[in-house]
Amino acid sequence: MEHTRHVAYLLALLLLVTSCADRHSTVSNQATTSSAQGKGARIYRDQCARCHGPTGEGVAGKHDEPLYGERSLESLARQIERTMPEDKVGTCVGEDAQAVAAYIHTAFYSPAARARNNPVKIDLARLTIRQHRESFADLVGSFLTHRVATTNGGLHAEYFQSKGMNKKERRSLERTDATIDFAFGEGSPAPDITADQFSIAWAGSLLAPDTGDYQFRLTTPNGARLYLNTDLAAGDANRRDDSDAKRQPALVDLWVSSGGMVREGLARLFLLGGRSYPLRLDYFKFKEKTAAIKLEWKPPHGVWSVVPAEVLSPERSSSVAVISTSFPPDDSSVGYERGTSISKAWLDAATKAAVEGATYIDDRLDALAGTSPNDTNRVVRLKAFVATLAERAFRRPLTPEQRLTVVDEAFGAGVAPELAVKRAVMRVLGSPHFLYPELGQSTDPYTVASRLAMVLWDSLPDSTLREAANEGRLGSRPEIGEQARRMMADSRARAKLQEFFHHWLALDEAEDLTKDPKTYPGFNESIRADLRMSLQRFIDHVVWSESADYRQLLLADYLFLNPSLAEFYGASMPTVPGFLPVTFDPSQRVGIFTHPYLLAAFSYHKSSSPIHRGVFLTRNVLGRFLKPPPMAIEFMDDRFDPSLTMREKVTQLTSKETCMACHATINPLGFSLEQFDAVGRFRTVDNRKPVNAESEYTAPDGKVLHLRGPRDLAEHAATNPEARRGFVRQLFQFSVKQAPAAYGSETLPRLDSAFVKSGHHMREALAEIATTVASHGVRPHTASR
Amino acid sequence: MNTAATRRAFLHRLGVSAAVLPFVAGLPQLQAAHTKAPKQRIVFMFSPNGIVPSHFWPEEAGVDFKLKRILQPLTPFQDRTLILKGLCNKVRGDGDGHMRGMSCLLTGIELFPGNIQGGSDTPAGWASGPSIDQELKQFVQSRPETRTRFGSLELGVAVPHRADPWTRWTYAGPNQPVAPVSDPYQSFELLYGQMKDREDLGSILDNVRDDLRQVSRYLGKADQQLLDRHATLVRDLEKELQTSHKQSLAVPAPQLEPGVSADNDDMPRAAAMQIQLLVNAFANDMARVASLQFTNSVGQAKMRWLGIEEGHHSLSHDPDLNEGSQEKLVKINVWFATQLATLAKKLADTPEPGGTGSMLDHTTIVWTNELGKGNSHTLDNIPFVLVGGGLGFKTGRSIQHELTPHNRLWLTLAQAFGHDIKTFGNPKLCAAGPLALS
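Line order of the protein sequences matches chains A and B.
The opening residue of the first sequence carries number 9 in the working numbering; numbering runs sequentially from there.
The opening residue of the second sequence carries number 1147 in the working numbering; numbering runs sequentially from there.
No wet-lab data here; the hints were simulated from the structure.
There's no promise every hint is true.
Claimed, not checked - List of simulated lysine-lysine pairs, BS3-like, C-alpha gap at most 30 angstroms: (1) Lys1236/B - Lys295/A; (2) Lys1367/B - Lys129/A; (3) Lys297/A - Lys1236/B; (4) Lys171/A - Lys1448/B; (5) Lys176/A - Lys1448/B; (6) Lys1342/B - Lys352/A; (7) Lys1367/B - Lys352/A; (8) Lys175/A - Lys1448/B; (9) Lys1214/B - Lys1540/B; (10) Lys352/A - Lys1385/B; (11) Lys391/A - Lys1342/B.
Computed from a prediction, not measured in an experiment: that's the story for all the values here.
So that you can see chain A by itself, here it is in the shape it has in the complex:
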């Protein structure tokens, strides 16, 4: 929600305030009026146009809201009958209302009419922040062996008996350690190892769940070094740490102990979500009295805790090139982030990022370019490296002119080759060919590859795609679809889908879940972090199951809980660490609607908020259209009769007819979740009165549904075509960053029917979106060689 929380939505009528029509006003451009619509057009011209404008665009000072919406024809007619013209309600009824409604609906009101009147086109767009970061990571990664850790469960551990300070004499134990949280005390960590001198080497990967700042804390009275996202070189494998081996700097260096004192080392690192990062922890004890070591973190949206086993992998992975320059937020005024605007702050950030990226590459130049300082062919190899880098960044082969300007000119006379590379890389990263993924080139196989990578990964084509483009194997829809489905299995698609769900469920706008501690004792930071994890687990579980059925998201009767959540929400589960699915009474909990995280996010500090819940359900889940409220009214709890329930307060607050235009939709949806308090616990009593969760809800087709609570609501959502189409539309907008209609008015209906055919398979939906977008404008006979 782009509104401040604690503000109620009071939406004015969609059709409003028509004053006495001026019967002598001139007829304006109504050339489209057919004879069948003549009557409706006349009525509109005579009674409505004065306030709504000749084509529904609104009239400043009278009614400046454009006249459009998503009501059905019947619903629109009923609304006119009930409310219009404002000063003479009741004069436009029956056939007149039908006729004018039909005219309005067809001429400009309906989405189809709007699409026809204002054809949407594909906007030129620069990379979004996410696309920029992901692209750079994959650009650099494309020059290294791509190794991703996929399993989790802990780190590979080797325990050694030491001889002297840290000379590994004998390996006594090899296993996987779920977490690093050991207090060996004065004892030995493993059989066959003496207590006074030993060392342990942990290695594997960290799987970062989200993009953002991570903090790490290493605690030990002994010696330890933590390496993260560092490619360890040959010398680093030497575990004799009194050696002269050159090594990478540690993220946290606590190698030297100090009088047996327990020391803490802190570090902060910006990581991209959905990727794995190489991690190594070297540890030794030498004659200190006690031994202990603990590795903790504070992930984005999380709290300090021991790094859990589910984000640790015993597998190795390659390092990730992360741009940490901070960008101004992308424009999301249309409901999804897109790169259609340019600001000074953005250019500054993009330029800084170009410097950061060039420095990153310069620092690792020999490894990336496959050369060495003494290589007699160094300059040749560096030039080839720059050319390849530019091709990958530009997502297509260089023109001879580009090769000259980007590569050859940089390596001018008197310029050191390293400096030439650095400048060339800056130029590549600052170039419109990198920053704008599609610059109006013909739809050739390279464009297809670029679109696939952008839609599915927010990134650059990988080597398989590049090869397919080079060999002209992206010229037909089946070929493109095959690539899309291959790419769906990649962890980058997983990360992108995760981002979509964060967006769809408005998770990133609901950062602050704190509630009044007196009313909700125990709803602390750690419960809130666990809830977020629980929701994430649920989504992962459904989305990455074989059926990936969208309806499961809405209908599941279980939540993922850990023991502390189970205790807080009054569920019983085995007290094992970690999250497990826990089944609830199906009439109480049903899918994401009743996930406590969302219920709490869409609540006030002390009480539930049917309005926030209702708006979220209307827009995001049921895919219905709501205009922003014309005026925002603060919900002030102390203005109400203190004996009222929340439902009664909201009913009273929104009772005006002008409000009810939208609140007639919002309120019943919100009321059906009134059995949940502000922290999402089930309740039957609100303010000492029984909770009433039953309501009458008018569906977009005009049918009135009697909702008895969350399950009825969920079942409606799971079978309602508008809700389903709304889901597909939002997935499209988020992944493509353009409107579906820009690819043709039939795009959304086609994707929707494919979605139904696939059994509401969400991953398949994304693959189909990518295929559709990538194939747009492709002519098979010219595109394939």
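With chain A fixed as given, assemble chain B onto it according to the hints.
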């Protein structure tokens, strides 16, 4: 790749990488305001494994003395040199001789007990107090008239990539070793990187505008507007960069030869670059205090460029009677003295910016060592050679103290800087007060 990869991380630690600095917002003040009082600067230079006493210490005390072989490179500066014999590192406690020799040298205080062991001595950890260079840095930075961009610079030559009491000699405080920058390109990045990035950027922005113009041709009107806006902003950025370029340095950033590694075999070239960068940074008044650390305690430099294949530390263990080894040790120490002379010469050749005389007249270099002598591991008679003026000491002398704790020298330096402390390091070792060097 290994050394290069450390650079960004290092800069990140200092918080000065291109990524985090606003590079258009104007340079940080590169030059402190000129002040009436003459500048005072100090450089601490380290070499390891002791010296060869018979070829080092002048026989004579007083103003009339003859430089022995190792110190002969200092001949041009003999009248500005102060040779202090008889100073001893009297700090005892945990740690082997090398460790204490290194980590108690500038700190004058005991090591914490710890887990780092050399030979069969008691293991130890970091020093339990700050080093004199960091003490002086804090002092000059605390006063507006002596404050500079960095305050102090910690440079190294071939210092290994590991942090322990053998590789660290400067400390910001207890348990707070300061890592030296051992790669000249890293030093350059630290001192001038921000400007350099700006220059490089300036050189590409023009091309970016060309590219924008080119691609704009294929686009529709609305899309062209977006690229036009992009191009306008690029133009604005170019202008800003040009304006900020006008803030210039007293002396330009040095041109470094490319391709020098921070490894053993490139030590001579790396040393020359670090010395050049140090003098240059002083000339631009980026710092008043510096340290220059050649290798580390137990350092194993293999000075192949002198025809010496063995590691320095291994040689230093050979007995006095092994003439071959002694000769090599003399040569190694002559090489270090030559580096000192190079530094002194560069300072002497540079007129003091905004002042009188040469920069050497306002700078004191202190060359010292972790040990007195390698094969005995003695911490007595540690070499302390001071070159240059600015602290008001009477130079051109050889002074032979009775065995005296070296803490008193650090106290003397602090007071010469106007930093009125009564003790430094372990107070017991300063009981007799400062040395009379003026």
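Outcome of the hint check:
Distance hint between Lys1236/B and Lys295/A is fulfilled; the C-alpha atoms sit about 26 angstroms from each other, no more than 30 angstroms. In summary, the hint linking Lys1367/B to Lys129/A is supported, as the alpha carbons are separated by about 12 angstroms, within the 30 angstroms threshold. Between Lys297/A and Lys1236/B the alpha-carbon distance is near 28 angstroms, which keeps this suggested pair within the 30 angstroms criterion. The hinted pair formed by Lys171/A and Lys1448/B meets the criterion: a straight-line CA distance of about 28 angstroms does not exceed 30 angstroms.
A threshold of 30 angstroms between alpha carbons decides the hint, and for Lys176/A with Lys1448/B the separation of about 27 angstroms falls inside it, so the pair holds. Taking the CA atoms of Lys1342/B and Lys352/A, the gap is near 22 angstroms; set against the 30 angstroms cutoff, the hint holds. Of the pairs offered as hints, the one joining Lys1367/B and Lys352/A holds, with about 21 angstroms between alpha carbons and a cut-off of 30 angstroms not exceeded. Pair hint Lys175/A plus Lys1448/B holds up; C-alpha atoms about 25 angstroms apart against a cutoff of 30 angstroms.
For the hint linking Lys1214/B to Lys1540/B, the alpha-carbon distance of about 21 angstroms falls within 30 angstroms, and the restraint holds. With a C-alpha separation of about 13 angstroms, the suggested pair Lys352/A and Lys1385/B falls inside the 30 angstroms cut-off, and the hint holds. Straight-line distance between C-alpha atoms of Lys391/A and Lys1342/B comes to about 22 angstroms, which keeps the hinted pair within the 30 angstroms bound.
Checked against the numbered hints above, the structure breaks none of them.
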